[in-house]
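Sequences and hints are given; from them, build the entire structure.
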Amino acid sequence: SQKIEQNSEALNIQEGKTATLTCNYTNYSPAYLQWYRQDPGRGPVFLLLIRENEKEKRKERLKVTFDTTLKQSLFHITASQPADSATYLCALDGSGGYQKVTFGTGTKLQVIP
Amino acid sequence: DGGITQSPKYLFRKEGQNVTLSCEQNLNHDAMYWYRQDPGQGLRLIYYSQIVNDFQKGDIAEGYSVSREKKESFPLTVTSAQKNPTAFYLCASSPRTSGGDEQFFGPGTRLTVL
Chain F
1 SQKIEQNSEA
11 LNIQEGKTAT
21 LTCNYTNYSP
31 AYLQWYRQDP
41 GRGPVFLLLI
51 RENEKEKRKE
61 RLKVTFDTTL
71 KQSLFHITAS
81 QPADSATYLC
91 ALDGSGGYQK
101 VTFGTGTKLQ
111 VIP
Chain A
1001 DGGITQSPKY
1011 LFRKEGQNVT
1021 LSCEQNLNHD
1031 AMYWYRQDPG
1041 QGLRLIYYSQ
1051 IVNDFQKGDI
1061 AEGYSVSREK
1071 KESFPLTVTS
1081 AQKNPTAFYL
1091 CASSPRTSGG
1101 DEQFFGPGTR
1111 LTVL
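Residue numbers (my numbering), protein chains in the order written: chain F, 1 to 113; chain A, 1001 to 1114.
Zero decoy hints are in this set.
Using 27 Å as the maximum straight-line C-alpha spacing, the simulated DSS-like pairs for lysine-lysine come out as follows:
1) F:K71 - F:K100
2) A:K1070 - F:K100
3) F:K59 - F:K100
4) F:K100 - A:K1009
5) F:K100 - A:K1057
6) A:K1083 - F:K3
7) A:K1071 - F:K100
What the hints contain is simulated information worked out from the structure, not anything from laboratory work.
If you want it as structure tokens, here you go:
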């Protein structure tokens, strides 16, 4: 069956360090993968998209990698700040031709001052 | 300001009652979506619509209904047939172009069944 796995345990890191979050998937062949940020009680906010033919994407302190052989995406936040504390969701498309994605359960990141 | 709005923010319902959640967008997006989020779980797709007067069931459509009579509006009705409706409901929209467009989310409606 199809599955998207993100670490359900919270990730605690010290301010200034690099946070690395993982998104693994099985039985998908996504054309793209997205990362969103969600704060408590609010809707997710889009951060980055990476396509299957891209290995890496960067935006300011954020970096995403996409390894279609390993079926994995890594999401990095460099020089992390307490304001980066949130839940981060990955989402990928499950079928071609539609604007329909499936979300992972998310990983909660806590940046400690 | 362009955006997507949902109302109300909090909603309480008695068991056996139908309730309608509002979702409006002024982004001129073609596609709209409804998700449900439960504690410790990801977003699960209830219904989505790619164009006016057309919509498709998502992964958990049972007990829900939608309409898409206008491009900017996509209301969700939670019917009494939905066995466990207490949840956080999120509406989203996207432009629907070649693929991979980001989804813009509303602030959500927290529904509690008493």
